[in-house]
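Chains as they are written, first to last, in my numbering: chain A, 1 to 253; chain B, 1 to 426.
Treat each hint with caution, since some may be false.
Restricting the straight-line Cα-Cα distance to at most 25 Å, the calculated cross-link-like pairs of lysine to any residue (SDA-like) are [claimed, not checked]:
1. 260/B / 18/A
2. 3/B / 239/A
3. 141/A / 22/B
4. 137/A / 21/B
5. 83/A / 116/A
6. 148/B / 88/B
7. 115/A / 2/B
8. 83/A / 266/B
9. 147/A / 252/B
10. 260/B / 178/A
11. 251/B / 84/A
12. 260/B / 161/A
13. 260/B / 60/A
14. 251/B / 144/A
15. 115/A / 275/B
16. 115/A / 264/B
17. 260/B / 221/A
18. 137/A / 88/B
19. 141/A / 252/B
20. 251/B / 116/A
21. 251/B / 143/A
These aren't lab readings, by the way, just hints derived from the structure by calculation.
Only a predicted model underlies this, so the values are computations on that prediction, with no experimental measurement involved.
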Amino acid sequence: MVARESLAVNIANLGFHYKDNEGVVFSGLNLQIQKGERFGLFGPNGAGKTTLLSLTTGLLRPAEGSIQLLGHDVSKEHSLVNKLLGFVPQDFSFYQELSPVENLEFFGAWAGLTKHQIKTRTDELLQILGLQDVRNKHVDKFSGGMKRRVNLAIGVIHEPAILILDEPTVGVDVQTRHAIVDYLVQLNKKGTTLIYTSHQLSEAEDLCKVAALIDDGKIVAHGSIESLLEEHKQKNLEQLFLELTGKEFRNDV
Amino acid sequence: MFKLWSAIVKDSRVLWRDGVGLALMFIMPIVLVIVITDIQNSTFNLINKNKLPVLICNRDTGVSGKQLVEAINKVGMFSITQLPKNQDEKVLSDSMKKTDALLSIVIPDDFTRKVMAKSKTTAGKALTSFGLQADSAQKDLGDVSPLKMYYNPVLQESLRLSVKGALQSALQLVESRQTLRTLYFDINEKPLPEKLEGEMLNNKAVIHDAPVSSNGSVKPPNAAQHNVPSWTIFAMFFVVVSLGGSVVREKTSGSYVRLKTLPTNYLVGMFSKQIAYLAVTIVQAIVIFSLGIWLFPVIGLPGLNLPRDVLGLFVVTVLSGWCAVSFAICVGVFAETHQQNNAFGAISIVILSAVGGLMVPTFNMDTSLKTIANFSPMHWCLQSYYGLFLEDGRLSTVIGYLIPLILMAIVFQLIAIWGLKRKNLI
Numbered sequence: 001m002v003a004r005e006s007l008a009v010n011i012a013n014l015g016f017h018y019k020d021n022e023g024v025v026f027s028g029l030n031l032q033i034q035k036g037e038r039f040g041l042f043g044p045n046g047a048g049k050t051t052l053l054s055l056t057t058g059l060l061r062p063a064e065g066s067i068q069l070l071g072h073d074v075s076k077e078h079s080l081v082n083k084l085l086g087f088v089p090q091d092f093s094f095y096q097e098l099s100p101v102e103n104l105e106f107f108g109a110w111a112g113l114t115k116h117q118i119k120t121r122t123d124e125l126l127q128i129l130g131l132q133d134v135r136n137k138h139v140d141k142f143s144g145g146m147k148r149r150v151n152l153a154i155g156v157i158h159e160p161a162i163l164i165l166d167e168p169t170v171g172v173d174v175q176t177r178h179a180i181v182d183y184l185v186q187l188n189k190k191g192t193t194l195i196y197t198s199h200q201l202s203e204a205e206d207l208c209k210v211a212a213l214i215d216d217g218k219i220v221a222h223g224s225i226e227s228l229l230e231e232h233k234q235k236n237l238e239q240l241f242l243e244l245t246g247k248e249f250r251n252d253v
Numbered sequence: 001m002f003k004l005w006s007a008i009v010k011d012s013r014v015l016w017r018d019g020v021g022l023a024l025m026f027i028m029p030i031v032l033v034i035v036i037t038d039i040q041n042s043t044f045n046l047i048n049k050n051k052l053p054v055l056i057c058n059r060d061t062g063v064s065g066k067q068l069v070e071a072i073n074k075v076g077m078f079s080i081t082q083l084p085k086n087q088d089e090k091v092l093s094d095s096m097k098k099t100d101a102l103l104s105i106v107i108p109d110d111f112t113r114k115v116m117a118k119s120k121t122t123a124g125k126a127l128t129s130f131g132l133q134a135d136s137a138q139k140d141l142g143d144v145s146p147l148k149m150y151y152n153p154v155l156q157e158s159l160r161l162s163v164k165g166a167l168q169s170a171l172q173l174v175e176s177r178q179t180l181r182t183l184y185f186d187i188n189e190k191p192l193p194e195k196l197e198g199e200m201l202n203n204k205a206v207i208h209d210a211p212v213s214s215n216g217s218v219k220p221p222n223a224a225q226h227n228v229p230s231w232t233i234f235a236m237f238f239v240v241v242s243l244g245g246s247v248v249r250e251k252t253s254g255s256y257v258r259l260k261t262l263p264t265n266y267l268v269g270m271f272s273k274q275i276a277y278l279a280v281t282i283v284q285a286i287v288i289f290s291l292g293i294w295l296f297p298v299i300g301l302p303g304l305n306l307p308r309d310v311l312g313l314f315v316v317t318v319l320s321g322w323c324a325v326s327f328a329i330c331v332g333v334f335a336e337t338h339q340q341n342n343a344f345g346a347i348s349i350v351i352l353s354a355v356g357g358l359m360v361p362t363f364n365m366d367t368s369l370k371t372i373a374n375f376s377p378m379h380w381c382l383q384s385y386y387g388l389f390l391e392d393g394r395l396s397t398v399i400g401y402l403i404p405l406i407l408m409a410i411v412f413q414l415i416a417i418w419g420l421k422r423k424n425l426i
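So that you can see chain A by itself, here it is in the shape it has in the complex (with noise of 0.2 Å):
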């Protein structure tokens, strides 16, 4: 049994389904992530990642159970948990009329920072993301690999203790791929945890130490890679994958 004080997260008997009744459902899901860890969470499309991750951020209710994020309920505790807790959503989820400087100073300013501490992150977060030269240009005119990096500036602006990623390399060229994960690898260095969610399963396999597979709601593996590659006779987490979920098209509707 694990102690509670050191799990980022702790999903007890989760239950929960969409009010339309389509979607995936969960019911009866626990998962415990370790703080520190540099977790992935995979799934073929519709399993349920984006789902346990909106529920992981409170962006939905379950309906049975509990999320705890470093002891604190999600749902009972939503200000004190948003506090703790940085998203970096699959969608450019900023102003594109802005420039990367002004997004930042407005989400600064609602994570909780002082103006001060705005500048200093700011001044950081765009140096080390390569944006500095761009700093006072419209968003809108950034590709998409620079809009990856504006997205995921915002979401660690606030040095939160939880960094949630919802495929935070999709569609990005490989320097820009490589500047993110390194980039990740140093904050969980400093102490931040990964929930991390991708198709990118080579990317994943640098990034990640922990895994858990979610197929039609349920964790159908959970453990260390090393682990899960060595029981399951597998060279990498891709044929890993295969094995677990199968090879069959699989529509998100």
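Use these hints to put chain B onto chain A, whose structure you have.
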């Protein structure tokens, strides 16, 4: 407070970069207010200031025809041009087109003869009824030959009836004069003295007229006094395209999702949008009122006279703007796409403005439409502005119009909050 301020700054920046939205909110109403004021001013001047150009073709060679022309001239509402007596209808029609005359009157060639005959008949009947021998009694020749009035179809029905009334009055004067003269001559066997004739015919009761205003001051309404407030209100409510679009954009771009994972209630965001766009509506009012005051006189339009109660004007403007912003937020919360927001927003504004009396004043509407007008927030905005601009009232005198406006704004706010909760956005 820092969160609110940062949201206001963000919303102002987003708004400032929305060129199309700004154009819709400023350029469109400015063009509308100038064009429509100009059109209404021309009509207003035609009716109230300029004399109606009239062509008169007097085919009568006698004295009554001349007297009728003189009487028409004395009415004071016509600018008369006399045509040669042999003009036919086609030439008359061509002359009206050439001279822009909206009316032409043809006096028939037997006009004097018929007036004389009718006056003798009337005088004879009068003397008989007094028990006197009527020297002038003769066989009744019937009514005086009718005048013919041709008019341009653009002439409004109400104006045409006024013209007919004025002509009837001039005609009555000519007939009465002749009857009086005949009657006097038959009794006294000498002509009616000119002085007595003048006294008898011109002894009219005096009518004093005065506009109704709350303080009795005389400030005649003009096209600017109606159009400037009307199109300012229209412009304020047109923020629905930009503000509603901004709410929809946040929802569809996923910004809502990010904002919901931050430790700040989204209502702060809604509040900041309202402050930013309320400022826009106040700037709209300042710009359009300034045009009315300073630009209109330069381009030949009547200038806008500001009401005495400037504080009242500010309060009415702020509350009108707040109601407009509340409506826009409400539309934005429920619209799923930009297309829905823009189409519903624009169409609803046009309908609410028409129903609310911005295009046609509500006093011209029938009873059922007047009742419906009460449901348009723009109606209460306009009534409040009317109270200040046309009646020169004060804030206290328009408070009755402001209460429904405030209630409507609160209802829009509550509906928007309910919509946000229903969609799990707050």
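Hint by hint, here is what the structure shows:
no.: 1; hint: 260/B / 18/A; result: holds, 19 Å
no.: 2; hint: 3/B / 239/A; result: violated, 48 Å
no.: 3; hint: 141/A / 22/B; result: holds, 21 Å
no.: 4; hint: 137/A / 21/B; result: holds, 21 Å
no.: 5; hint: 83/A / 116/A; result: holds, 18 Å
no.: 6; hint: 148/B / 88/B; result: holds, 12 Å
no.: 7; hint: 115/A / 2/B; result: holds, 9 Å
no.: 8; hint: 83/A / 266/B; result: holds, 15 Å
no.: 9; hint: 147/A / 252/B; result: holds, 17 Å
no.: 10; hint: 260/B / 178/A; result: violated, 29 Å
no.: 11; hint: 251/B / 84/A; result: holds, 24 Å
no.: 12; hint: 260/B / 161/A; result: holds, 17 Å
no.: 13; hint: 260/B / 60/A; result: holds, 11 Å
no.: 14; hint: 251/B / 144/A; result: holds, 20 Å
no.: 15; hint: 115/A / 275/B; result: holds, 21 Å
no.: 16; hint: 115/A / 264/B; result: holds, 16 Å
no.: 17; hint: 260/B / 221/A; result: violated, 31 Å
no.: 18; hint: 137/A / 88/B; result: violated, 76 Å
no.: 19; hint: 141/A / 252/B; result: holds, 19 Å
no.: 20; hint: 251/B / 116/A; result: violated, 30 Å
no.: 21; hint: 251/B / 143/A; result: holds, 22 Å
Of the numbered hints given earlier, the model fails hints 2, 10, 17, 18 and 20; all others are met.
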